[in-house]
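A.B. asks: So the chains spell out like this:
2 protein chains.
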Amino acid sequence: MKAAIITIGDEILIGQIVDTNSAWIARKLTHAGFEIEEMQSIGDDSRQIKATIDEVFARVDVILMTGGLGPTKDDITKKTLCDYFGSRLVFDGSVLENIRNAISGFTSLNELTRNQAYVPEDCTVIQNRVGTAPIIWFDHIGKVLASMPGVPHEMRYAMDNEIIPRLQAKYDPDAYLKHIFIVKGYTESALAMFIADFENNLPEGFGLAYLPSPGLVKLRLFARGGRRLPELNEQVKKLRDILGDAILAEKDIPVEQLLGERLFEKGLTLGTAESCTGGNIAHMITSIPGSSRYFKGSVISYANEEKENILHVARESLDCFGAVSEVVAIEMAKGAQKVLNVDCTIATTGIAGPDGGTEDKPVGTVWICTTYKDKCVAKKYQSGKFREANIVRATNNGMLQLLEMIEI
Amino acid sequence: MKAAIITIGDEILIGQIVDTNSAWIARKLTHAGFEIEEMQSIGDDSRQIKATIDEVFARVDVILMTGGLGPTKDDITKKTLCDYFGSRLVFDGSVLENIRNAISGFTSLNELTRNQAYVPEDCTVIQNRVGTAPIIWFDHIGKVLASMPGVPHEMRYAMDNEIIPRLQAKYDPDAYLKHIFIVKGYTESALAMFIADFENNLPEGFGLAYLPSPGLVKLRLFARGGRRLPELNEQVKKLRDILGDAILAEKDIPVEQLLGERLFEKGLTLGTAESCTGGNIAHMITSIPGSSRYFKGSVISYANEEKENILHVARESLDCFGAVSEVVAIEMAKGAQKVLNVDCTIATTGIAGPDGGTEDKPVGTVWICTTYKDKCVAKKYQSGKFREANIVRATNNGMLQLLEMIEI
Chain A
114 MKAAIITIGD EILIGQIVDT NSAWIARKLT HAGFEIEEMQ SIGDDSRQIK
164 ATIDEVFARV DVILMTGGLG PTKDDITKKT LCDYFGSRLV FDGSVLENIR
214 NAISGFTSLN ELTRNQAYVP EDCTVIQNRV GTAPIIWFDH IGKVLASMPG
264 VPHEMRYAMD NEIIPRLQAK YDPDAYLKHI FIVKGYTESA LAMFIADFEN
314 NLPEGFGLAY LPSPGLVKLR LFARGGRRLP ELNEQVKKLR DILGDAILAE
364 KDIPVEQLLG ERLFEKGLTL GTAESCTGGN IAHMITSIPG SSRYFKGSVI
414 SYANEEKENI LHVARESLDC FGAVSEVVAI EMAKGAQKVL NVDCTIATTG
464 IAGPDGGTED KPVGTVWICT TYKDKCVAKK YQSGKFREAN IVRATNNGML
514 QLLEMIEI
Chain B
114 MKAAIITIGD EILIGQIVDT NSAWIARKLT HAGFEIEEMQ SIGDDSRQIK
164 ATIDEVFARV DVILMTGGLG PTKDDITKKT LCDYFGSRLV FDGSVLENIR
214 NAISGFTSLN ELTRNQAYVP EDCTVIQNRV GTAPIIWFDH IGKVLASMPG
264 VPHEMRYAMD NEIIPRLQAK YDPDAYLKHI FIVKGYTESA LAMFIADFEN
314 NLPEGFGLAY LPSPGLVKLR LFARGGRRLP ELNEQVKKLR DILGDAILAE
364 KDIPVEQLLG ERLFEKGLTL GTAESCTGGN IAHMITSIPG SSRYFKGSVI
414 SYANEEKENI LHVARESLDC FGAVSEVVAI EMAKGAQKVL NVDCTIATTG
464 IAGPDGGTED KPVGTVWICT TYKDKCVAKK YQSGKFREAN IVRATNNGML
514 QLLEMIEI
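As you go down the protein sequences, you meet chains A and B in turn. Mapping of the first sequence onto our numbering: position 337 corresponds to residue 450, and the numbering continues sequentially without gaps. Mapping of the second sequence onto our numbering: position 121 corresponds to residue 234, and the numbering continues sequentially without gaps.
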């Protein structure tokens, strides 16, 4: 079953926003057993939208579209699809009812919002439970075109609760089988060399994909077709034996969730003391629902004054060794453990860049200290010149360092 | 002058990575006066690459490609372009010299890397000063196809230093004119209704685009052609008069940067006290380079214990009103102002979800208190059921609320 993703919006073509929706949709479709043939981004232009649908429908079974469903003049997707499928816009009372629910408490109904209740006569209308623009689904010569809002959380809700279940019911695609290993202690190329024999001897139709991130590699072993499950299980067992202790987990979850699960299982509480990561570790940890069961809080001590006053880092340590040092990282982590009254802490201090580097401590230098009850580990990490990448790297490394500590 | 961007790589089609290159290229091309007709992402598949070039060249003058230029066997772009243009690969000594320079100090030359010095005979080879894969430029019946590495910093270097200057020299395109207004206090549809007359009377060839986010709308007024600048200025003046106080800024930057600039201009310092946003406000603020000039730190008081012990929220307030209340929000903000020794604070307390809601305080209820010296404002916000969206919304609303306070 082949699918294509089409994103509509001039703001994408001028580079004002990065299209993150397509990758998210692609991941969901792939897991549901569909093969993505292509992704396209085109403008708010009726002629172009129609021509693109014609071209793409010749190659795929399913087209998922996002964007251009808003209430303003530049949003023309609904009208264009109506023309394309020879339909006309009619008023739908149930959509208006849903719109009223969606905006109640927020704002009142105006004319433009009310107009969103006009939908093509010959389509399946799917209510948008988290927004005002309805989702539109056309069945067309055995193929499907579904149009969703471009607002990411509205699109995600529609995909998970409506689009994926309906597509699976309609097409029952060959299952996409996969098994994930989260592997630590190897770079991507070192891991590829270590398991080269295994990879070269995989059965026909099996594949192995590497997704590296700082400090770990996600390995995806995959095949298509439910009947191949026994073979997959056999290969999983083989790879598990080869990887041994390097396996951190066998599920496709982010590190912040993995750490959260381990903390919760062990009944441990967590806090962070962040300088160069500026709250990103706390943000990642609390992005997981239920994190209040183990996460108690953080001190973001961006300025030295906060390191001293709240975390009780010694003035002498800051003066002698500088804020980016092993001693200060340790004092931050231990200070946070006391002040937040938690079992475990992650403390970061470093130079995120682009400025602030010195010869001794170039941009990208980060000290991370983790504590687990009375144990304490401090390590120095060196990464590159890019602020955003440095923050993400230090966030990941901090969580992995603690994870390793509590595993033992 | 029309252009298209084509990204090559299976990892994009399964959603394993988000394509950020295309938006970056689009922004540069747009500013250079080119109109982006479309963006496509396709697989590492020779047949598909050729068919896509055929289709796209029928519509545009310039194709910029990224991806598939690496040294391993899944990288097939160079060979495919060679076939497409009826050329053959020949060894180029100057490319090998550049490769040697690029890797010196890092690693030694191996066979796979050496093979990158083979290039199509009938093309312009552009040296990659920051990597090993050469950039390849084909002139073809008055049109251009240039292929760049997908590694972001290599692509960016090539675009800025080679591709854009060469394209401008060849085509001398008309400028893309735009003006951005960041507008507060309106939903997208309310704003559209408010400025409908203005929008309906725009000169031929002018356009207006809406990009909404929680609490604000970015309005982009645009036209093509340097000679239309006086007309654009006239329309900008008209729209500025209509929007009046609703204008938050007239530049295309994120709220966290806008807030940072205003704080810095006024010589104010900032700290946050975050419960439901879990550090995301601090994270957004510190994502801006130079934020240490105004941001001092935060207390992420996820648990009530931290609200009491570090921020000195009264036990009675927590008991009587609950953690999600006006009183607690105010005490958090004032406590943080003292403990962090800052001029301004943003405090958030709410129910991010999916669990934890009650009839009185459903999921999505958020109290935000901002302080600015001895002033203090507390407001209740109600948003939806989705954790991620609620965190983002509260983050934005908190920054906007403070921005409004310090503007007065």
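Watch out, some of these pointers could steer you wrong.
No copy labels: a pair is met if it fits in one copy or bridges any two.
[As the list claims (entries may be wrong)] Calculated cross-link-like contacts (lysine-lysine; reagent style DSS-like; alpha-carbon spacing at most 25 Å): (1) Lys-192 to Lys-331; (2) Lys-256 to Lys-115; (3) Lys-192 to Lys-493; (4) Lys-447 to Lys-115; (5) Lys-379 to Lys-447; (6) Lys-364 to Lys-163; (7) Lys-486 to Lys-498; (8) Lys-364 to Lys-192; (9) Lys-488 to Lys-141; (10) Lys-256 to Lys-331; (11) Lys-141 to Lys-498; (12) Lys-192 to Lys-350; (13) Lys-493 to Lys-291; (14) Lys-291 to Lys-141; (15) Lys-474 to Lys-256; (16) Lys-141 to Lys-451; (17) Lys-474 to Lys-409; (18) Lys-474 to Lys-351; (19) Lys-493 to Lys-115; (20) Lys-409 to Lys-498; (21) Lys-163 to Lys-115; (22) Lys-141 to Lys-192; (23) Lys-451 to Lys-283; (24) Lys-409 to Lys-447; (25) Lys-409 to Lys-451; (26) Lys-447 to Lys-283.
No lab work stands behind these hints, which were simulated from the structure alone.
A.B. asks: Are any of the numbered hints broken by this structure? If so, which, sorted upward?
C.D. replies: 3, 4, 6, 7, 8, 9, 10, 12, 13, 15, 16, 18, 19, 22, 23 and 26
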